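A.B. asks: Protein chains in written order, with the numbering used here: chain A, 1 to 706; chain B, 1001 to 1070.
Fair warning: there could be bad hints in the mix.
As the list claims (entries may be wrong) - A short, non-exhaustive set of chain B residues, derived as facing chain A with CB atoms under 7 Å: (1) Met1024; (2) Phe1045; (3) Lys1067; (4) Asp1069.
I should point out that these hints are in silico values taken from the structure, not numbers from a laboratory.
Bear in mind that the values here come from a model prediction, so they are computed numbers and not experimental data.
Even glycine gets a Cβ: it sits at the ideal position worked out from N, Cα and C.
Each chain, written out:
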Amino acid sequence: MLINSLRVNNFYCYLDENVFEFSKGLNIVSGLNSGGKSQLFNAFYWTLFNKVYVDIDSSTTKKEWKDADKIIIAPEKIEYESLIGDRIECFVEIGLTNEFHENEEPKGELVDYTILKSVTYEKHKDGLYFVSKPELTISYVTGGEINYIKSTDFNWFLNRIFPSSIRKFMWFQGETVDELYDFSKPSTLNNAINEISYFPLYDNLNSIVDASVSSIEKKIDKELRSRKKLTNDQEELIQKINTTKDSIAKLQQSITTNEEKVAEITEAIYLEEQKLKGFDKYTDLKVKINKLDSDFQYAKDRIDSLVGESKEKLISKWMLNGCDKLIKASEKNLKIIQAEIQSFQKSENPVPITLPGPEYVEKMIADHICYICERPVEEGSPAYKALELRLEDFKTNQDYKILNDNYTELNRARKKLLGILPDIEQEVIDHNKEIDKSIEKRNKIYNQKKVVFAESGVTKEEDISIGSSTASQILNKVESLRNNKDRLDKYLFNNKLEINDLENKLQDLLKVKSDTIKLDGGIVEEEARDYIILFSKTIALLRQRALTTLINEIQAESNTLYNLYLGGRAQGEIIIDRGVSVIDKHTKNIMSNLNTAEIVAQKLAVANSFLSLSEKTLGRSFPMIADAPTSDLDHLNTANLTKSLGKSFEQMIIMSKDYALLSDAERQAMINDANVVKYYELTNDLIDKDGPESRINKKTYVTVIK
Amino acid sequence: MKTLNDILREEFTGILGEEEFVEMIARNKLDTGVIKEAFDVLLEFKYQAVPDRGKTEFENYIINTIKSDK
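Chain A extracted, bound-state conformation (with noise of 0.2 Å):
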């Protein structure tokens, strides 16, 4: 395919109408930042798919594809000089030339074909609005006349033309060109490979062979019955071969279809396996968590019992410190009464102590007659008064006994006391330490849950908890498609088996029948199935070889352009297999932190050897499109690189900013060296030299410099 010509007019910032022509070859359109090379670019975009590449929004200046149906594309100057009521009209038209659409395969028919998709706005107070939907029109010229594609065919042609599975290979835009392809998903890479490849044809062959196996033998039996009356023997042989083909048949389509979930599964599982390398980090961290939270735990409780215990230790110390000093307090008061008890145990009466108990001194004195001595005692006289000092020493004495038992025992409680208190003192100290230490382990514990969030980047407890959810989830979703692989890997294994056995049957039954059923002069049929069965194996093995073949050459193709991008230099090589990598050429081992020019050659080689080897094997080439491909090479990569592109490609169209940095002779020399065809430089400048620097005094500017 080639294209031809573009051209825009009241686009961005083009206004009026700007023709763009493209021949084979390399294409440059230069222009400095702002210059009109992206807005070029979104008006292929905007009119082949739909989508132009703006701001996300407008408190941002990163980018984003967006569906082009409410996007006005109207320049501003237009919209700010147009009057209200004012009608505004917008187009894109792309000439190019391709194979029929219609043909099945590439004939060397082409056809010219132009895209055109237009749009008109009415200003109102409050801005432009559509007239009407942005309309396309796609028409061709055959046998000198105009034909139009309908636009419920528009999506059909459009991808038929322009492959969805490859397009990104054909319009790559330099600031999204890590998502040029991700061949993360299997299919991905399939559905790619099968768009350039031919090899899908082979399951068309196959089913018409393997559908001419069965039908033959069929045919060779018919043909038996017709020429010979069989006997019942040789028709029950006949009926289990065809019974055990029937069977062998049943078991290969179970086989296929289990072979097809398992492929599903496998998938899936390596979907799920990808997601969870996201949230996986949540399960290590919520392990860690956890057993923090329960060490944290189980020390804040042994603190709280510590203290609970203490507490009561602490009591009975302050109790026991409260009687200490009591005790110690009444010591001397105790001592006093010793003293005091001794001193009376001392003193001296003339009245024995032993003999008379009170109440016989009581009557004594009552009576005024010391019955002791049987005379009689005056009130005041000596004898009356040793019998009142008697009678007071009775009660003196009494008191000084109750006295001498309070203070006995007393003392005896004194002194257990005493002997308690320095071990429950112990106690409260070694409770107080093992508090100090759970404090400190508790401490420690709660910092090392601080250093866990900081090194794993969440602040939040619950995005934890989330994300090890999701994990667990995906985790047992994973756990669950393996029980269903394992499963299914056991019935094929078992199918395999069988049907081996079932083959193995059927080649003795129909040795028997070759052996014992026979006609003069052969069979044709029996001839053609030898013819049939060659072409069942050849066909089936080139169908299995075909996808390892043409991703080898893909990998092959790839690595020749890498090694021509990189000018002949490239350490590494690449490598297609569930994604792509780059290895080592010595070591083979993978290379990370490739330098920017690295990753564009890589990024360019695969893409381009998608779309190259589309040609060599199906006839069908596709142009590159792309906008800022080099955007991140330095000043002498960027030059190197383009002129190796032009060698590489049909058909190639860059835009870029790292031309506009040459000097006439270098770019002189750029074109003759890259062997550019048609070389554009966008200037977008001030209409009015002495108007305002603004939008709605600025255009693009075309230059044709080749």
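Starting from the structure of chain A, add chain B where the hints point.
C.D. replies: Chain B in isolation, oriented as in the chain A frame:
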């Protein structure tokens, strides 16, 4: 430029040259001319996912060619 059919023919011819198939052709006394022509018949139906018509044409070609060669 090689057509798609040329590429498919090339691959098929390549595999026929492998030992296993050379032996099979010799053992069953198969005519390589018939094999190549039959493959071309197959190629006419390469875009058809439903095998019925292709099977009939392919099978008839082989049977009729063998009959006419006798």
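A.B. asks: Holds or violated: is there a CB of chain A closer than 7 Å to the CB of methionine 1024 (chain B)?
C.D. replies: holds (6 Å)
A.B. asks: Would the stated hint for phenylalanine 1045 (chain B) survive a check requiring a Cβ distance to chain A of less than 7 Å?
C.D. replies: Hint holds; phenylalanine 1045 (chain B) Cβ to chain A Cβ min 6 Å, cut 7 Å.
A.B. asks: Go through the hint on aspartate 1069 (chain B) and say holds or violated, using the shortest Cβ distance to chain A against 7 Å.
C.D. replies: Given a least distance of 10 Å, the restraint on aspartate 1069 (chain B) is violated.
A.B. asks: Let me know if the C-beta of lysine 1067 (chain B) comes in closer than 7 Å to any C-beta of chain A, holds or violated.
C.D. replies: Where the cut-off is 7 Å and the nearest Cβ of chain A is about 5 Å from lysine 1067 (chain B), the hint holds.
The structure fails to meet hint 4 from the earlier list, while all remaining hints are met.
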